[in-house]
Amino acid sequence: QKEVEQNSGPLSVPEGAIASLNCTYSDRGSQSFFWYRQYSGKSPELIMSIYSNGDKEDGRFTAQLNKASQYVSLLIRDSQPSDSATYLCAVKSSGYSTLTFGKGTMLLVSP
Amino acid sequence: DTAVSQTPKYLVTQMGNDKSIKCEQNLGHDTMYWYKQDSKKFLKIMFSYNNKELIINETVPNRFSPKSPDKAHLNLHINSLELGDSAVYFCASSPMILETQYFGPGTRLLVL
Chain A
-1 QKEVEQNSGP LSVPEGAIAS LNCTYSDRGS QSFFWYRQYS GKSPELIMSI
49 YSNGDKEDGR FTAQLNKASQ YVSLLIRDSQ PSDSATYLCA VKSSGYSTLT
99 FGKGTMLLVS P
Chain B
10 DTAVSQTPKY LVTQMGNDKS IKCEQNLGHD TMYWYKQDSK KFLKIMFSYN
60 NKELIINETV PNRFSPKSPD KAHLNLHINS LELGDSAVYF CASSPMILET
110 QYFGPGTRLL VL
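As you go down the protein sequences, you meet chains A and B in turn.
Residues in the first sequence are numbered consecutively from -1, following our numbering.
Residues in the second sequence are numbered consecutively from 10, following our numbering.
Please note that a few of the clues may not be correct.
Below are the DSS-like pairs computed for lysine-lysine, each with C-alpha atoms no more than 25 Å apart in a straight line [stated by the list, open to error]:
no., chain 1, residue 1, chain 2, residue 2
1, B, 45, B, 31
2, A, 0, B, 49
3, B, 28, A, 40
4, B, 31, A, 0
Which stretches of chain B does chain A cover? Using the computed rule of at least three CB atoms under 8 Å from a CB of chain A, they are [said to hold, decoys possible]:
no., segment
5, 45 to 52
6, 110 to 118
Take a look, some chain A residues computed to stay more than 12 Å from chain B by CB distance [to be verified]:
no., residue
7, 9
8, 12
9, 16
10, 26
11, 50
12, 51
13, 55
14, 58
15, 68
16, 73
17, 107
It is worth saying that the hints were derived from the structure and are not from the lab.
Predicted model only: the values in this text are computed from it and were never measured.
Every residue, glycine too, gets a C-beta built ideally from N, C-alpha and C.
Just chain B, with the same shape it has in the complex (with noise of 0.2 Å):
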């Protein structure tokens, strides 16, 4: 069983467009988050959750909008991609805030 999930995999779109990445969890945690791997692999908070509430809100831009529709799952909304926005962006969860984070497998975005 996959503890944390992500859909798509992989999403290949053009500048402009809008996208969504969806994350879930099955281990009955709280707090559950995004993350953004750039080229560099430098791994950045971007938000996190904690029972649906948003707690964690980077300096990054209004384009991208996280939704919490309840504890398991964490979507990403992105409106119109810019070359920038291409990256690795993981989900991942804890079972508190602070506690060890478990990660998903990472949605590859390219933006062309």
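Chain A on its own, in the form it takes in the complex (with noise of 0.2 Å):
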């Protein structure tokens, strides 16, 4: 059985702090890495795809993977209100064909 872990949350933070959601999977042999968000009431949105060890940035938004230690983070610098959502990690596990989704982290950004 292929897990994700996700802290459910409430992550609260406030604006202008950085975020850090953190999510950990099972399969070692996994490959590919993805962070979706998705606000109440719509469908989730890609924001971020990561395959090798290190750090890979889009504008806020950074994400790390350190498969010795199977764990992959988001940060989100200078946090929004309208980061306010939750964040879905998906994992590609090896002979696997599709994604695997832990249960997300809500993050709460307060004014």
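Assembling the complex is the task here: the two chains are given apart, and the hints tell you how they should meet.
Here's what the structure looks like:
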């Protein structure tokens, strides 16, 4: 059973702070990692993908991957109230033809 | 232009009824998926088709039957609806198996 674990939150941060969202996965052979954002009542939308160890930056978002520790994170700099949403970590496991999603972390950014 | 569309957006029905949900993508993708998101927001894969061929069939009751008439469409038919089927059903597509998935707006199913 492939597992992807996330703290359900809510994670509360003030506006302008850095929000750090974490995800661990069970399959050491996992190859591709994705972060999706889901607003309440809406569908998941892709924010970042990462495939190799290290950091990947896109605007205010930075994804970090550590395959040895089986850990992937998402940092959101200068958090805005509009970032308030549930963030889903998704992992493509070896030998599996789709993504396994975590249960998501709810982020609340207060003005 | 809507990339991945689903109909209907809302579906309220009685237990025991049969209903269908339709999905269409205009992205030219080869792979399409059905996910179920329950009240706890857990997103779980149900089925996946690649070029009209079923490639993933998770442990889903056989009351659920997907059909892909062509690679741009993936429909989901549900027989004998049960209370536990109430959830949001998302369709998604990706260019190839294992690539980034793009989600439709979801169909909110409520079984009374």
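Hint-by-hint comparison with the structure:
no. : hint           : in the structure
1   : B:45 with B:31 : holds, 14 Å
2   : A:0 with B:49  : holds, 19 Å
3   : B:28 with A:40 : holds, 22 Å
4   : B:31 with A:0  : violated, 29 Å
5   : 45 to 52       : holds (count 4)
6   : 110 to 118     : holds (count 6)
7   : 9              : holds, 15 Å
8   : 12             : holds, 24 Å
9   : 16             : holds, 24 Å
10  : 26             : holds, 17 Å
11  : 50             : holds, 16 Å
12  : 51             : holds, 19 Å
13  : 55             : holds, 18 Å
14  : 58             : holds, 20 Å
15  : 68             : holds, 19 Å
16  : 73             : holds, 20 Å
17  : 107            : holds, 19 Å
In terms of the numbered hints stated before, the structure departs from hint 4 and from no other.
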